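Construct the complete structure from the given sequences, taking the supplied hints into account.
4 protein chains.
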Amino acid sequence: MKIGFIGLGKMGSAMARNLLRAGHPLTVYNRTRGKAEALSREGARLADSPAKASRDSEAVFTMLSDDAAVAEVVFGENGITSGLQNGAAHISASTISVAFARRLEAGHRDRGQVFVSAPVFGRPEAAENKKLIVLAAGPTEAVERCRPLLDAIGRQTFLAGSEPWQANAMKLCGNFMIASMLETFSEAFAALRKARVDHHLFLEMMNELFGSPVYRNYGATVADEKFEPAGFALRLGLKDVRQVLELAQDFSTPMPFASVLRDHLLSGMAYGQENLDWSSIARVVAKNAGLT
Amino acid sequence: MKIGFIGLGKMGSAMARNLLRAGHPLTVYNRTRGKAEALSREGARLADSPAKASRDSEAVFTMLSDDAAVAEVVFGENGITSGLQNGAAHISASTISVAFARRLEAGHRDRGQVFVSAPVFGRPEAAENKKLIVLAAGPTEAVERCRPLLDAIGRQTFLAGSEPWQANAMKLCGNFMIASMLETFSEAFAALRKARVDHHLFLEMMNELFGSPVYRNYGATVADEKFEPAGFALRLGLKDVRQVLELAQDFSTPMPFASVLRDHLLSGMAYGQENLDWSSIARVVAKNAGLT
Amino acid sequence: MKIGFIGLGKMGSAMARNLLRAGHPLTVYNRTRGKAEALSREGARLADSPAKASRDSEAVFTMLSDDAAVAEVVFGENGITSGLQNGAAHISASTISVAFARRLEAGHRDRGQVFVSAPVFGRPEAAENKKLIVLAAGPTEAVERCRPLLDAIGRQTFLAGSEPWQANAMKLCGNFMIASMLETFSEAFAALRKARVDHHLFLEMMNELFGSPVYRNYGATVADEKFEPAGFALRLGLKDVRQVLELAQDFSTPMPFASVLRDHLLSGMAYGQENLDWSSIARVVAKNAGLT
Amino acid sequence: MKIGFIGLGKMGSAMARNLLRAGHPLTVYNRTRGKAEALSREGARLADSPAKASRDSEAVFTMLSDDAAVAEVVFGENGITSGLQNGAAHISASTISVAFARRLEAGHRDRGQVFVSAPVFGRPEAAENKKLIVLAAGPTEAVERCRPLLDAIGRQTFLAGSEPWQANAMKLCGNFMIASMLETFSEAFAALRKARVDHHLFLEMMNELFGSPVYRNYGATVADEKFEPAGFALRLGLKDVRQVLELAQDFSTPMPFASVLRDHLLSGMAYGQENLDWSSIARVVAKNAGLT
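Residue numbers (my numbering), protein chains in the order written: chain A, 1 to 292; chain B, 1 to 292; chain C, 1 to 292; chain D, 1 to 292.
It is possible that part of the hints are untrue.
Treat identical chains as interchangeable: a pair holds within one or across any two.
[Stated by the list, open to error] For lysine to aspartate or glutamate, the following EDC-like pairs were computed, each having C-alpha atoms within a straight-line distance of at most 16 Å:
1. K130 with E208
2. K130 with D151
3. K35 with D198
4. K131 with E208
5. K2 with D67
6. K10 with D66
7. K10 with E225
8. K194 with E246
9. K287 with E163
10. K2 with E58
11. K194 with D250
Calculated directly from the structure, the hints in this document are not laboratory data. These numbers were taken from a predicted model, which means no experiment stands behind them.
What follows is the structure, given as structure tokens:
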């Protein structure tokens with residue numbers, strides 16, 4: 001299956017590499033050309049616009065940082081919509097808003113193109129090791145057709161529904177689950193540190209109690225305050241929490257935990273932590289308790 | 001090692017049974033005699049007061065619902081302090097406040113007795129199956145002496161420090177971690193349900209993402225809204241969250257998540273959910289979103 | 001000064017009437033014609049589009065419910081921009097978002113028109129009695145020119161700055177101040193009612209303490225739970241709190257009180273209170289405490 | 001009417017002075033003798049214990065900082081209870097907890113003494129100028145008997161009920177109302193300052209809108225960040241917010257605004273602001289937004 005891939009950051013490069021390894025002829029595009037060239041040495045063809053990366057592809061992936069970046073690449077000049085053939089699919093792996101997922105679905109439908117939303121869980125290491133969790137939603141036939149591609153980038157593919165935005169709703173709520181865990185650790189650690197109780201020992205207990213690799217990894221990051229390099233930047237975490245709140249707002253659902261997260265991530269922005277890992281929400285919580 | 005055990009609710013009975021199985025001669029006391037008699041048939045001796053359950057014991061356990069219940073059994077008429085021999089230990093497995101743990105430590109020390117705090121994580125099933133996680137804190141020599149008893153009731157014993165209250169601080173923060181997870185699930189499920197996205201499917205994804213038995217079990221309870229019978233009553237959950245907030249307050253640490261939990265658990269009390277499982281905080285969250 | 005007026009709800013009709021009384025020739029437009037006809041009997045001319053209401057006017061007012069309504073009237077077919085003469089002013093008295101105020105400013109500037117933002121404080125009764133507080137911002141010369149019009153509708157005109165959006169930022173923050181007062185009353189009343197302490201007596205004390213007509217009026221509304229007819233609908237209150245949060249978000253400022261307000265107003269929406277007065281946030285707070 | 005007065009801080013001294021001016025023979029006691037001597041020069045007799053200040057008095061006032069201080073003076077060695085005659089009244093003007101007010105009522109009743117709770121609103125300047133608002137609760141006959149004393153210290157006396165704690169519940173809720181106003185100003189000012197909108201001008205508008213001297217005075221304090229000298233110390237403000245939360249907790253009432261206040265005041269403690277005015281909650285809010 002001939003495919004295109006647009007957006008070659010840490011996540012995108014790793015995903016594209018796994019698609020290559022699975023034997024799919026791949027055309028790639030990235031705004032800054034350097035990253036594309038690395039993949040070219042591994043067998044990918046280079047395109048100089050999103051349209052060209054889409055032209056001969058049965059499916060074109062995007063893995064970009066936010067709604068605006070995806071909008072530019074899809075609807076902008078020489079964008080995907082102007083290149084993608086009738087019936088071919090755009091697979092968006094980015095974490096985008098529910099509202100924008102609906103707009104993408106309509107935009108492609110109007111042009112006889114297909115839209116599949118397939119956001120993923122996992123950090124760059126997981127992407128490299130084909131350990132991502134993939135949430136796919138879209139027209140059943142299209143999702144089935146793209147299934148081998150999705151299976152090539154992750155350890156498990158969940159079918160989230162027949163409307164693309166449903167996958168985005170789930171992805172956003174999943175990120176909310178992780179962000180809540182970060183805040184929870186942060187608050188517990190702050191209280192224990194101020195009480196002069198060993199918070200690393202507490203983390204060990206929590207690892208035994210929860211038995212979760214996510215707790216283990218993020219818990220260590222928070223306990224050791226290792227917020228660089230960022231696996232997922234705080235400013236992107238804020239974007240996702242805002243989009244969860246927008247989703248909830250559209251359905252008249254209060255989410256007070258999400259509101260606390262938003263407030264703390266905004267403080268993180270105000271403190272200049274936008275490019276630190278989002279687990280640096282712990283630094284905000286610690287500051288609020290007078291810890292430095 | 002001759003031991004006493006006071007407080008034979010679901011948790012206490014299971015723990016006492018494991019101590020018997022481990023070969024320790026056991027004297028038990030319970031306010032309502034019926035539960036003690038069940039253990040008597042398995043080899044325990046019955047005492048008719050906490051003092052008598054303590055008299056010949058090298059160590060006496062308490063497993064009771066709150067500070068007040070422990071205070072009555074320890075300092076009340078025919079209480080533990082009046083029965084326990086010089087140098088013998090009181091092992092408190094209850095989830096009590098940090099302030100009260102300090103008071104217990106001082107009260108026993110004044111009488112030449114030893115206090116070990118050893119709160120546990122786990123629901124009644126875990127207690128039966130010797131799967132509890134035990135957090136023990138107290139004078140090193142005493143904790144070492146009691147170690148075989150602690151190992152007899154759980155799957156792992158953590159040494160939390162040389163001051164008993166440290167174990168209680170960790171236990172309270174651990175319960176806060178669980179309560180936060182419950183609220184987080186509740187908010188995500190509420191938003192997804194209102195958006196008509198399948199929240200059971202979302203739970204499956206979270207199980208794959210977090211890989212945690214605690215998430216799996218509590219997540220199912222919340223998703224299915226099975227709040228009876230209560231593994232841990234909401235009113236006890238509120239007590240613990242209040243005690244976390246008191247701990248944090250004593251050390252000038254804001255814990256906004258804990259404040260949200262407190263508010264929602266108070267609503268749960270106001271709605272008559274005091275004896276439902278504390279995961280019924282989800283019902284409060286759902287009501288706030290207009291779900292019934 | 002010949003003027004136009006678009007948007008003849010309770011607020012707009014009262015304001016337009018005061019402009020007529022001040023002797024300004026007035027042309028009015030309203031989507032549903034009935035309300036316009038009432039003013040026609042008092043001397044206003046009727047226009048059948050926003051463009052026509054703007055054509056011969058030196059200034060045209062809008063008083064509409066939200067950004068979308070203003071956008072339609074300004075930029076839509078036969079909108080204000082297509083009718084307003086070079087150099088003439090659009091005076092927006094609506095409570096709109098800061099982002100949209102910037103868009104309006106740019107949109108008019110591009111067409112050689114002038115934009116003055118002049119949101120107002122006050123309920124319909126205040127509008128009728130020329131008791132509004134007017135916050136005006138825009139190019140100094142334009143604001144000065146419009147000053148007699150602004151003075152004709154309120155008891156005091158504040159000059160909020162030379163950029164129109166500044167008035168909107170202040171107006172939104174002012175509404176946040178009022179909404180916070182409503183929530184504060186709601187929480188205090190709920191606690192006192194549950195403690196069986198007379199909350200009406202408490203209100204009397206607060207009136208003596210604060211000495212504020214706003215406290216007196218809204219306090220009575222909340223204490224008596226008289227949420228109909230709505231002076232200001234809950235759904236509009238939610239809109240404003242959301243816009244405050246957006247403003248704060250753009251400048252990385254946490255506003256936890258605003259987040260609580262948003263959550264409670266969302267519950268109000270979920271409970272079907274969208275058309276009750278926004279002081280019915282008190283009903284949400286009371287429900288959370290189990291009061292009915 | 002012969003009276004005693006215990007607790008001669010800024011508030012107490014001013015109140016005692018007004019009682020002297022009203023012609024009541026006064027015996028005073030203060031832990032540090034200096035302040036008592038100032039009053040002695042104005043005609044008060046000095047006592048060297050609370051018991052002696054109570055011995056010949058028909059009523060003895062206390063104006064102290066918290067529950068613990070009142071407990072010491074009432075129930076401690078040579079305390080009020082050991083001096084006060086049968087039928088004589090203890091009038092507590094301190095802001096104490098509801099639970100402790102109940103304990104005081106019972107403690108005095110057991111000894112044939114009468115307890116009247118009469119907390120006050122107003123800062124030291126108001127106390128000097130006899131401008132306090134007095135909330136009195138207790139047995140009707142006793143309150144009537146003490147009425148001339150209460151009227152001598154304030155501008156208005158409210159009868160809050162026949163059970164002393166009711167006055168304390170109202171006083172605590174009143175302080176919550178003020179604290180909420182402080183937080184609200186703080187958040188609005190922070191957002192406006194970051195948006196570079198003139199927050200002093202905003203305050204002027206709010207003064208016109210609310211027309212409240214309390215808003216005017218506290219608003220200026222917050223806008224100008226003049227937190228010293230403290231009219232009411234932050235640590236006492238935290239104490240009151242905690243007591244509001246305890247009251248609400250006893251009646252299963254969530255108060256999310258009070259929870260936010262508590263968290264911000266705890267940050268204030270952690271930042272070393274305990275002796276600044278409680279309006280310095282604004283400094284916490286500003287810090288959270290990255291303002292310094």
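Going down the list of hints, with the structure as the test:
Taking the shortest Cα distances, K130 and E208 sit within 16 Å of each other only across copies (15 Å), while inside one copy they are farther apart (27 Å). Proximity of K130 and D151 under a CA criterion of 16 Å is satisfied intra-copy only: 9 Å inside one chain copy versus 40 Å between copies. For the homomeric pair K35 and D198, neither the shortest alpha-carbon distance inside one copy (43 Å) nor that between copies (38 Å) is at most 16 Å. Taking CA atoms no more than 16 Å apart as the test, K131 paired with E208 passes between copies only; the shortest distance there is 11 Å, against 23 Å inside one copy.
In this assembly of identical chains, the alpha carbons of K2 and D67 never lie at most 16 Å apart, being 26 Å within a copy and 45 Å across copies at closest. With identical chains, the CA atoms of K10 and D66 are at most 16 Å apart within one copy only, with a shortest distance of 15 Å there and 42 Å across copies. Taking the shortest Cα distances, K10 and E225 never come within 16 Å of each other, neither inside one copy (22 Å) nor across copies (40 Å). Taking the closest pair of Cα atoms, K194 and E246 come within 16 Å of each other only across two copies (13 Å); inside a single copy the shortest separation is 35 Å, beyond that limit.
With identical chains, the CA atoms of K287 and E163 are never at most 16 Å apart, being 42 Å at best within one copy and 27 Å at best between copies. For a Cα distance limit of 16 Å, the shortest separation of K2 from E58 inside one copy, 6 Å, qualifies, whereas the shortest one across copies, 62 Å, does not. Taking CA atoms no more than 16 Å apart as the test, K194 paired with D250 passes between copies only; the shortest distance there is 9 Å, against 40 Å inside one copy.
Hints 3, 5, 7, 9 from the earlier list are contradicted by this structure; the remaining hints agree with it.
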